[in-house]
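Participant: The primary structure of each chain is shown beneath.
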Amino acid sequence: DTAVSQTPKYLVTQMGNDKSIKCEQNLGHDTMYWYKQDSKKFLKIMFSYNNKELIINETVPNRFSPKSPDKAHLNLHINSLELGDSAVYFCASSQGNSEAFFGQGTRLTVV
Amino acid sequence: GEDVEQSLFLSVREGDSSVINCTYTDSSSTYLYWYKQEPGAGLQLLTYIFSNMDMKQDQRLTVLLNKKDKHLSLRIADTQTGDSAIYFCAESIGNSGYALNFGKGTSLLVTP
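So the protein sequences, as listed, match chains A and B. For the first sequence, my numbering begins at 1 and goes up steadily by one. For the second sequence, my numbering begins at 1 and goes up steadily by one.
Hints listed in this document are in silico derivations from the structure and should not be mistaken for laboratory results. Keep in mind that a hint or two might mislead.
What the hints assert, rightly or not - Straight-line distance between alpha carbons at most 25 Å, and here's what the computed SDA-like set of lysine to any residue pairs gives: (1) A:36 x B:107; (2) A:40 x B:39; (3) A:40 x B:104; (4) A:40 x B:8; (5) A:36 x A:72; (6) A:41 x B:84; (7) A:40 x B:46; (8) A:41 x B:23; (9) B:70 x B:54; (10) B:104 x A:84; (11) A:41 x B:70; (12) B:104 x B:85; (13) A:41 x A:24; (14) A:22 x A:97; (15) B:36 x A:39; (16) B:104 x A:56; (17) B:68 x B:58; (18) A:41 x B:9; (19) A:52 x A:62; (20) A:36 x B:9; (21) A:41 x B:82; (22) A:9 x B:42; (23) B:104 x A:86.
Whenever a hint applies, use it, and build me the whole structure from the sequences.
Facilitator: And the structure:
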C-alpha cells in the first residue's frame, strides 16, 4: 500500500493553463505539505496544512493554492501556468513532529 | 530565509568512507535530517539527530552534530555504488510540525 500517493506522476501542459495535482495519504497523519524541487534539485517548502489550517505559506505566488477537502488529501491548484513553474512537486505528510513521508513526486513541464 | 549550505558534489571510490558536510541556519531546530534521493525517485529519510545529541550511529551511517558551529555531517562507511545519489541535509522550521528547510543537496558518485 502506498502511504503518500500523488497523481499524476507526469504532467505536460501549455503556458496559461490551470492544472491540479492531487495528493492522498492513508497514514492518518494530521499535517500535509507541498514542496517544489526545481531543475537544479533545490527543494523548498511551499505549504503546510494542519487540520485544514494553513500553517506556512512561503513566498509562493498566489497562482498556487492548496485545497484540502479532508484530512487525508491536500491538492495543489495552479492557475495561469508559467514556464518557471516547471519542476517536480512533492507532497508529504507527518503526524506532529514525527517523520514525514514523501510521495514520489509529480514532474510538471510547462511548454 | 537563509540557506542551508552543502557542497554540491562528492566523488569517492567503492569501499572508501564518504563524508558529506552541511551548515544549517536555525539554532532552534529541534531535529536535523539527512535524506537520500536516487535518480527519478522521491525522498527517503536516511537518519536524523535530535539537537541535544552530538553523534548518532546507525549501521554504516554516522551523524555528527556541532551545535556551536551549526555544522552537521554524514559519514557513510564502506561506500557502495548503490549509495550514489543526492543527499539532502534538512533542518526543522521552528515549531511548524515537520516542515523542513532543505540544503541544495550533495551529489555523491561512487566509482568502482
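Participant: Does each hint hold? Answer for all of them.
Facilitator: Against the structure, the hints come out as follows:
1. A:36 x B:107: Answer holds: residue 36 (chain A) to residue 107 (chain B) is near 18 Å, not above 25 Å.
2. A:40 x B:39: holds (13 Å)
3. A:40 x B:104: With Cα atoms ~8 Å apart, residue 40 (chain A) and residue 104 (chain B) stay inside 25 Å; holds.
4. A:40 x B:8: holds (10 Å)
5. A:36 x A:72: holds (20 Å)
6. A:41 x B:84: holds (15 Å)
7. A:40 x B:46: At roughly 21 Å apart (the allowed maximum being 25 Å), residue 46 (chain B) and residue 40 (chain A) satisfy the hint.
8. A:41 x B:23: It holds: about 18 Å lies between the C-alpha atoms, which stays within 25 Å.
9. B:70 x B:54: Satisfied, since the Cα-Cα distance of roughly 11 Å is no more than 25 Å.
10. B:104 x A:84: Given pair residue 104 (chain B), residue 84 (chain A) holds - Cα atoms ~18 Å apart, limit 25 Å.
11. A:41 x B:70: holds (23 Å)
12. B:104 x B:85: Holds, at roughly 13 Å.
13. A:41 x A:24: Measuring from Cα to Cα gives roughly 24 Å; hence the hint holds.
14. A:22 x A:97: Distance ~24 Å between residue 22 (chain A) and residue 97 (chain A) Cα, so the pair holds.
15. B:36 x A:39: Holds: residue 36 (chain B) and residue 39 (chain A) sit about 17 Å apart, inside 25 Å.
16. B:104 x A:56: holds (20 Å)
17. B:68 x B:58: holds (23 Å)
18. A:41 x B:9: holds (13 Å)
19. A:52 x A:62: Status holds; Cα separation ~18 Å.
20. A:36 x B:9: holds (21 Å)
21. A:41 x B:82: holds (20 Å)
22. A:9 x B:42: Given pair residue 9 (chain A), residue 42 (chain B) holds - Cα atoms ~11 Å apart, limit 25 Å.
23. B:104 x A:86: holds (18 Å)
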